[in-house]
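Asker: So the chains spell out like this:
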Amino acid sequence: MAKIVAVHSFRGGTGKSNTTANLACLLAQKGHRVGIIDTDIQSPGIHVLFSLDPNDCPCALNDYLWGRCEISQTAYEVTPTADPASSGKLFLIPSSIRTGDIARVIHYGYDVNLLKEGCQRLIRELPLDYLFIDTHPGLNEETLLSIAIADMLLIILRPDHQDYQGTAVTVEVGRHLEVPRMSLLLNKVPACFSREALTDQVAHTYGCEVVGVLPHAEEMMTLASSGIFVVRYPDHHVSRELRTVTAMIEA
Amino acid sequence: MDARRIILTGCGWGAVFGILNCASNVFLLPSAPFISLRPQIALPMVVGITVHPVAGFLVGFVGNIIGDGLSGFGLWKFWNWHLANGLMGFLPGLVRYGGSNRISTVRDFGVLEMSVVLASGASVAFAVLLDVLFLEFMRFPSSFHSWILPAFLTDAVNGFVLVPVLLLPAGRLLITLETRTILLITALLVVAVLSTAGAITWSVWDDLSSPAATIENFYIAGIVSVILLVLGFIAALGFVRKITDPIGELTRAAEAVENGDYDLGHLGHVSARQDELGRLSRVLQGMAGQVRKREEALRSQVQELRIRIDPQRREREVAAIVETDYFQQLKKKAKELRQGMS
Numbered sequence: 001m002a003k004i005v006a007v008h009s010f011r012g013g014t015g016k017s018n019t020t021a022n023l024a025c026l027l028a029q030k031g032h033r034v035g036i037i038d039t040d041i042q043s044p045g046i047h048v049l050f051s052l053d054p055n056d057c058p059c060a061l062n063d064y065l066w067g068r069c070e071i072s073q074t075a076y077e078v079t080p081t082a083d084p085a086s087s088g089k090l091f092l093i094p095s096s097i098r099t100g101d102i103a104r105v106i107h108y109g110y111d112v113n114l115l116k117e118g119c120q121r122l123i124r125e126l127p128l129d130y131l132f133i134d135t136h137p138g139l140n141e142e143t144l145l146s147i148a149i150a151d152m153l154l155i156i157l158r159p160d161h162q163d164y165q166g167t168a169v170t171v172e173v174g175r176h177l178e179v180p181r182m183s184l185l186l187n188k189v190p191a192c193f194s195r196e197a198l199t200d201q202v203a204h205t206y207g208c209e210v211v212g213v214l215p216h217a218e219e220m221m222t223l224a225s226s227g228i229f230v231v232r233y234p235d236h237h238v239s240r241e242l243r244t245v246t247a248m249i250e251a
Numbered sequence: 001m002d003a004r005r006i007i008l009t010g011c012g013w014g015a016v017f018g019i020l021n022c023a024s025n026v027f028l029l030p031s032a033p034f035i036s037l038r039p040q041i042a043l044p045m046v047v048g049i050t051v052h053p054v055a056g057f058l059v060g061f062v063g064n065i066i067g068d069g070l071s072g073f074g075l076w077k078f079w080n081w082h083l084a085n086g087l088m089g090f091l092p093g094l095v096r097y098g099g100s101n102r103i104s105t106v107r108d109f110g111v112l113e114m115s116v117v118l119a120s121g122a123s124v125a126f127a128v129l130l131d132v133l134f135l136e137f138m139r140f141p142s143s144f145h146s147w148i149l150p151a152f153l154t155d156a157v158n159g160f161v162l163v164p165v166l167l168l169p170a171g172r173l174l175i176t177l178e179t180r181t182i183l184l185i186t187a188l189l190v191v192a193v194l195s196t197a198g199a200i201t202w203s204v205w206d207d208l209s210s211p212a213a214t215i216e217n218f219y220i221a222g223i224v225s226v227i228l229l230v231l232g233f234i235a236a237l238g239f240v241r242k243i244t245d246p247i248g249e250l251t252r253a254a255e256a257v258e259n260g261d262y263d264l265g266h267l268g269h270v271s272a273r274q275d276e277l278g279r280l281s282r283v284l285q286g287m288a289g290q291v292r293k294r295e296e297a298l299r300s301q302v303q304e305l306r307i308r309i310d311p312q313r314r315e316r317e318v319a320a321i322v323e324t325d326y327f328q329q330l331k332k333k334a335k336e337l338r339q340g341m342s
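Each protein sequence line maps, in turn, to chains L and C. Residue numbers for the first sequence follow the numbering used here, so the first one is 1 and each next one is one higher. Residue numbers for the second sequence follow the numbering used here, so the first one is 1 and each next one is one higher.
Everything labelled a hint here was simulated from the structure, so no lab data went into it. Wrong hints could be hidden among the right ones.
Claimed, not checked - Taking lysine-lysine pairs in the DSSO-like style, the calculated list, with each CA pair at most 27 angstroms apart, reads:
no., chain 1, residue 1, chain 2, residue 2
1, L, Lys116, C, Lys331
2, L, Lys89, L, Lys116
3, L, Lys116, C, Lys332
4, L, Lys30, L, Lys188
5, C, Lys242, L, Lys116
6, L, Lys188, C, Lys293
7, C, Lys333, L, Lys116
Take the sequences, apply the hints, and build the full model.
Answerer: Structure (structure tokens):
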């Protein structure tokens with residue numbers, strides 16, 4: 001049975017795409033068939049992490065949503081080169097970076113039901129064990145839909161007041177939509193914070209599990225948007241932390 | 001240490017030392033019929049320091065036998081001097097500078113140079129004692145001028161100058177800020193003192209028999225040279241340590257800060273200096289204080305970490321979303337959607 005994980009954050013810049021890419025890679029390395037769908041149509045970016053050249057992708061999610069192609073045509077394999085014997089696979093469904101396409105979405109929108117159907121078909125056709133939905137920050141219609149269809153809502157936040165307030169809204173909305181599992185992942189946590197105290201506080205405040213506390217890692221910043229951290233630095237303590245998060249997602 | 005290696009090294013370098021002794025006997029010191037200018041005395045000292053004290057002893061002892069034999073003095077005639085040359089290799093090797101066996105500080109360097117000079121003095125004194133007790137070759141006070149003093153002067157000065165020079169390529173003398181400074185000052189000192197002594201010797205070389213340049217003058221030049229060298233060196237040690245000791249303390253203080261210890265009260269006497277190092281020390285103390293303050297502030301902030309959420313604003317924002325028609329429809333369909341997905 002496939003698991004849909006909607007990854008969301010209230011504001012941009014929380015490291016949402018980066019974390020999604022790393023978690024998906026770790027699951028693929030463990031032998032799962034994983035998909036990532038970039039529904040952040042207004043500001044797509046996750047393809048950069050996988051060094052996927054948009055010019056090599058004739059079909060993007062936008063093309064599917066406008067009925068130009070089948071959803072299966074928009075899935076590109078980006079499995080991190082590791083054990084060739086492994087059954088793990090990673091597929092990316094990128095959004096178009098063409099400014100015309102982006103402007104069109106912002107102007108006319110699209111039928112969000114198509115997104116739902118697209119997800120369904122991806123899970124069936126590829127087929128997938130996990131589908132990550134990389135959402136646009138904020139709570140717009142496709143994000144709400146993503147939450148509605150997700151088995152797990154993973155909210156990424158930084159330890160600051162704006163994120164705390166915004167996360168409270170998302171958690172509440174998630175409860176309204178009766179998401180089976182809601183988890184919080186703290187990212188870019190300064191070294192001076194006590195991990196345990198922060199985990200307790202956050203879990204207590206939102207009544208949700210905290211699946212991980214990721215420190216502010218210099219190396220991650222250096223790598224920026226050009227590579228998958230867990231592939232480049234598999235033994236880094238951040239990678240180990242991400243692995244425990246992956247185990248909690250699998251649980 | 002492997003005994004075989006000690007004996008082989010000692011005898012091998014001893015042969016070299018012996019040949020050099022014979023060769024240098026051509027250049028006898030003025031007015032000293034038995035003593036030559038012998039830079040090779042650094043050999044037993046260096047072997048004693050770098051290999052083993054016993055190896056150093058063998059170089060001096062075996063080498064002096066070979067040298068005397070080759071020079072036609074007779075193999076055993078001056079056996080007390082064989083032992084004395086052995087001691088010159090043995091004693092500096094016995095002195096270890098702070099256990100590391102590598103010279104990296106002014107203190108180590110001072111110990112090294114002092115051990116060389118003192119070993120020269122002690123060895124010559126030992127040879128004289130043996131002579132007085134058993135051999136009676138020497139006549140006093142003439143032997144003091146013609147034999148004892150020149151032997152001490154040439155060994156002490158050659159050892160003082162050449163041992164560090166040889167230890168440098170052997171990798172035993174590490175170039176640090178401390179050793180670099182003390183080497184520079186020592187080199188200047190040696191050049192100044194020896195060139196003066198050399199000039200005096202040169203000026204009287206051709207008429208050593210003239211009353212104007214008495215033998216005493218020559219000895220005075222030698223003795224004054226050694227005294228100047230030793231005093232100048234001790235002064236240089238103090239001078240360099242005045243500079244380098246605070247640097248070591250500042251480094252340790254910086255390491256303490258790195259390890260989270262911000263109490264730099266012990267830097268007080270460095271901070272009291274009015275020079276650049278004093279200023280650096282005060283800056284470091286101030287910096288550690290600032291870091292401590294900032295860290296404490298941050299820690300108290302973290303302890304006060306309360307996730308404050310404005311409930312009214314949250315309700316307002318949630319309501320704005322859930323009250324839309326779209327959301328209401330989505331909510332109705334949500335369960336069904338999820339079941340349909342997989």
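Asker: Now tell me if each hint is right for this structure.
Answerer: Checked hints:
1. L:Lys116 <-> C:Lys331: Holds - the C-alpha atoms of C:Lys331 and L:Lys116 are around 14 angstroms apart, at most 27 angstroms.
2. L:Lys89 <-> L:Lys116: Cα-Cα ~22 angstroms, so holds.
3. L:Lys116 <-> C:Lys332: holds (15 angstroms)
4. L:Lys30 <-> L:Lys188: Within the cut-off at roughly 25 angstroms; holds.
5. C:Lys242 <-> L:Lys116: Violated, because 78 angstroms separates the two Cα atoms, which is more than 27 angstroms.
6. L:Lys188 <-> C:Lys293: holds (24 angstroms)
7. C:Lys333 <-> L:Lys116: holds (12 angstroms)
The earlier numbered hint that this structure contradicts is number 5, and it is the only one.
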